[in-house]
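Protein chains in written order, with numbering that gives the first Met the number 0: chain A, 0 to 151; chain B, 0 to 151.
Everything labelled a hint here was simulated from the structure, so no lab data went into it. There could be a bad hint or two in this list.
No copy labels: a pair is met if it fits in one copy or bridges any two.
Claimed, not checked - In silico lysine-lysine, BS3-like type, Cα no more than 27 Å apart, as pairs:
{"#": "1", "residue 1": "K25", "residue 2": "K137"}
{"#": "2", "residue 1": "K54", "residue 2": "K25"}
{"#": "3", "residue 1": "K25", "residue 2": "K121"}
Protein chains: 2
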Amino acid sequence: MNKKLMSAALAVALGAGASLAFAQAKPEVLVKQRQAAMTLQGKYMGPLGAMAQGKAPFNAAVVARNAGYLEALSAMPWDGWDANTKDVKSATLPAAFSDTAKFKTAGDNFQAAVGKLVVASKGSDEAATKAAIGNVGKTCGGCHDDFRQKPQ
Amino acid sequence: MNKKLMSAALAVALGAGASLAFAQAKPEVLVKQRQAAMTLQGKYMGPLGAMAQGKAPFNAAVVARNAGYLEALSAMPWDGWDANTKDVKSATLPAAFSDTAKFKTAGDNFQAAVGKLVVASKGSDEAATKAAIGNVGKTCGGCHDDFRQKPQ
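All chains, full assembly: derive it from the sequences and hints.
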């Protein structure tokens with residue numbers, strides 16, 4: 000492989016984010032990445048909530064796909080979680096930085112509920128899958144209640 | 000399950016995004032979600048590029064994890080791709096909306112390269128894995144060259 004060509008291709012590909020590859024990401028970048036994961040959690044959880052509540056037709060294939068995505072997305076905020084993001088403007092409440100054990104537990108509860116949804120979504124029990132969606136929703140709320148500013 | 004409670008929990012959890020569950024997402028929301036997927040692609044590709052170029056120590060576990068994330072993230076911009084996002088301000092060039100076949104092919108090339116990286120990352124051939132990372136980088140650049148504004 001031509002390393003010089005590859006380096007150039009990567010620099011083009013990643014744009015301003017290329018520095019990520021070579022240095023500790025800045026707090027503002029970490030927050031942007033964290034928010035991106037939350038945005039996508041909302042994207043893929045929203046339709047499942049509608050299905051569980053009977054507001055949209057149940058679609059097992061979409062549930063299974065979204066559950067798989069949520070499994071990855073539920074982990075993504077954590078590998079970039081850093082105390083140095085405390086002073087970056089975001090919806091994260093100060094409690095996330097002071098009550099870290101409770102915050103981590105709330106995140107773990109979400110990941111565990113998503114894991115159970117992944118399993119349920121591979122079966123053919125619609126009621127069980129809907130219940131698993133509901134449990135994921137509760138763990139979203141359980142974390143947001145204490146650690147996220149209420150939307151204005 | 001108590002549907003009223005669950006509905007309330009989901010509304011809290013999803014905040015302003017809750018409307019996503021019940022209606023066609025607005026173009027601005029679709030763009031925000033698309034950008035979130037690109038942000039996270041950068042987050043998880045950046046360190047792999049550094050490893051492939053010898054600028055960071057090779058870490059097989061991180062490569063395998065990130066490759067799995069990239070497999071999901073490379074699909075995520077597409078389920079929300081919609082021509083009605085054409086007029087929303089973003090780095091997407093007009094060509095993405097006019098030369099749709101070429102644009103889709105560029106996206107397919109990226110997803111295929113990521114798929115090959117996932118396979119390589121499960122083996123123990125470091126050189127092959129680094130080559131696969133390089134090929135992913137080229138497909139990032141191949142799409143950005145034609146369909147993304149150059150960073151200012």
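Against the structure, the hints come out as follows:
1. With identical chains, the CA atoms of K25 and K137 are at most 27 Å apart between copies only, with a shortest distance of 26 Å across copies and 32 Å within one.
2. In the homo-oligomer, the alpha carbons of K54 and K25 lie at most 27 Å apart only across protomers (19 Å), although the nearest pairing inside one protomer, at 41 Å, exceeds that limit.
3. Taking the closest pair of Cα atoms, K25 and K121 never come within 27 Å of each other, the shortest separation being 39 Å inside a single copy and 31 Å across copies.
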